[in-house]
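Those sequence lines, one after another, are chains A and B.
Numbering follows numbering that gives the first Met the number 0, in which position 81 of the first sequence is assigned residue number 80; successive positions increment by one, without gaps.
Numbering follows numbering that gives the first Met the number 0, in which position 329 of the second sequence is assigned residue number 328; successive positions increment by one, without gaps.
Simulated from the structure, these hints should not be mistaken for laboratory data.
The beta-carbon is built from N, C-alpha and C at its ideal position, and this holds for glycine as well.
Some hints could be false.
What the hints assert, rightly or not - Stretches of chain A that chain B covers, calculated by requiring three or more beta carbons in the stretch to come under 8 Å of a beta carbon on chain B:
1) 5 to 16
2) 64 to 78
Stated by the list, open to error - DMTMM-like, lysine to aspartate or glutamate: derived pairs with alpha carbons at most 20 Å apart:
3) A:2 / A:89
4) B:401 / B:307
5) B:244 / B:186
6) B:401 / A:57
7) A:36 / A:57
8) B:409 / A:57
9) B:409 / A:62
10) B:409 / A:27
11) A:2 / A:27
12) B:401 / A:62
13) A:2 / A:43
14) B:409 / A:70
15) B:409 / B:424
16) B:401 / A:59
17) B:409 / A:59
18) A:36 / A:9
What the hints assert, rightly or not - Quick look at which bits of chain B chain A covers, simulated, 3 or more residues with Cβ under 8 Å:
19) 151 to 159
20) 163 to 177
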Amino acid sequence: MTKRVLLAEDELNIVESLSYLLEREGYEIFVETDGRKALQSAMDNVPDVLILDVMLPEMDGYEILRSLRADPRTAQLPILMLTAKGQAEDREMAFKLGADLFITKPFANADITDAVGQLAAGRPG
Amino acid sequence: MADAILGTRIRQRRREIGTTQANLARQIGISASYLNLIEWNKRPIAGSLLHKIANALDLSADSLGGVSERRLLEALTEIAHLPSLEALKIEDGRTSELIGRFPGWARGLAALARSERDATSRAETLSDRLTNDPFLSENVHRMLSRIAAARSASEILNDYPDITPERRDRFNRIIYDEAQALSDVGEALVTYLDKSQDADRVLTPVDEVEAMFVARENHFADIEAAAIQLHDQLTDPQPISRREKAGALTDELLTDLFDKIINGETLLETSAARVRARRALRDYAVGAIIMPMTTFTSRATELRYDIEALADAFSAEVDAVCHRITSLPRGDDMPKFGYLRANAAGTIVEMLKLEGLAIPRYAAACPLWVLYRAQQSPEAVIRQRALFPSGARFVFVARARKQGPTGFGKPRHYITDMIAMTEEDARHTVYAPDPSAPVEEVGPSCRMCPRYTCLHRVEDPLTA
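For reference, chain A alone in the conformation it holds in the complex (with noise of 0.2 Å):
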């Protein structure tokens, strides 16, 4: 079956090249470009994985960790963390909030191939 991954991120030529690599892989890809809606879709229709930047207009991507964790729906939906804060306490918060994985950016396509592989497998880190 098609694994599902919902792309949480507002810099659309960002949104442009992780479809294009992710379909190329076989996901169907949904986009969200706004943290509320992003929030609402994951829990109206849960995804395989999520792909949440952190600097989203209307809800960053903290406040959706923190709420889709506190969800008993999504409390175990496998989360990319995506962003260009990298500093060290910024990880540790995504990893205090339930981020499975965290890329900074700028990145790899292929570690952003390979994290995915490895959240829709069911095996993060």
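Since the structure of chain A is already known, use the hints to place chain B on it.
Relative to the frame of chain A, chain B by itself:
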């Protein structure tokens, strides 16, 4: 203390001109033994004797022990007591002698100390800015995002030779666009860092807008005049509806006025500042429509600046009243207010400064400020008497309010609004503290606070 300089100075000068105590004493009509007591600071002198000695030494009375020497004495005494120099065991008791005997060295030491203080102050400002500056943070983030998009697109072009021509063109375009955007971000950063050499200039769009508001004393007469005409169109008693209506009227009718203000404002140098200024002016106008200044001023005085009572009186929201209260006309009997807003992370997201109150530009404020404690008791108005290391006393009044939609089982988010006033001005308000009310020792922020042993310190000070 000043006389201690005098005696030494007399002795030094006498030796310079090559005369003995006996000769000088005879010249001025006193005994040599008395002159000796004067030179060793055992006897004070003033008046005609001081002038006689000065004349005999071919000096003015002022230059023997005047204002400049007193200032020099104060400066060197301060240096002698610096904690950083404690281990040197500076002979503080000999400072007057140093000034009297070696005035050039004394002036040199004082000048060096001033220079070191100025350099430290600049370093503190720059360090704080580099660590917490939202402009730098935002633009570094933008730069990394641009690089990420360009890199990802270029890797795709490299790794997938079977890509369709349309997609190839698309990714080539992405690389081109992101390179352009990256160039703009780089230029903005370089310009910003170049400007940072001039510490007197405003450096970020936030600074530029803040400077505009400060220069106008947070009062825009043109907007006030326009807003008063629109107040009667607010017919709904609900605060949220009134704010929405005021916002709609502003967007419809006042944008040309904002253009005029912004275009005529020399303090707004960047396009980012002009965008930010437009938002700030819109918020100002919305407040002015809901609370016309003439009526607001008189009601504020009657209600003794009670922010909740004013919110009821104007069917406004408390945070709007907090903004509005900072725009009250300046006058001798009118208290002046500052305003801060902080989110749940403790970040100050908005501020309208109050003269004399040190508010960190980029970092969180002192954790002891009631700005933060208010979130423990949402919707309650909490007052604090704050005593700063400088001795300045302020009264802070803070209230946390819910932000965003909530419901059972959903997380609640709070934001805090705080007004600040001097303790002197607080006497005109309902927030005037009882003289017996406890005073809390606070600082501006941990990085800028000399209360080194504070149990609530979360960061090391920039200087120890």
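Now for the hints, and whether the structure bears them out:
no., hint, result
1, 5 to 16, "holds (count 5)"
2, 64 to 78, "holds (count 3)"
3, A:2 / A:89, "violated, 28 Å"
4, B:401 / B:307, "holds, 15 Å"
5, B:244 / B:186, "violated, 41 Å"
6, B:401 / A:57, "holds, 16 Å"
7, A:36 / A:57, "holds, 9 Å"
8, B:409 / A:57, "holds, 17 Å"
9, B:409 / A:62, "holds, 12 Å"
10, B:409 / A:27, "violated, 30 Å"
11, A:2 / A:27, "holds, 6 Å"
12, B:401 / A:62, "holds, 16 Å"
13, A:2 / A:43, "holds, 16 Å"
14, B:409 / A:70, "holds, 9 Å"
15, B:409 / B:424, "violated, 41 Å"
16, B:401 / A:59, "holds, 18 Å"
17, B:409 / A:59, "holds, 16 Å"
18, A:36 / A:9, "holds, 12 Å"
19, 151 to 159, "holds (count 6)"
20, 163 to 177, "holds (count 6)"
Hint compliance for this structure: hints 3, 5, 10, 15 are broken, all remaining hints hold.
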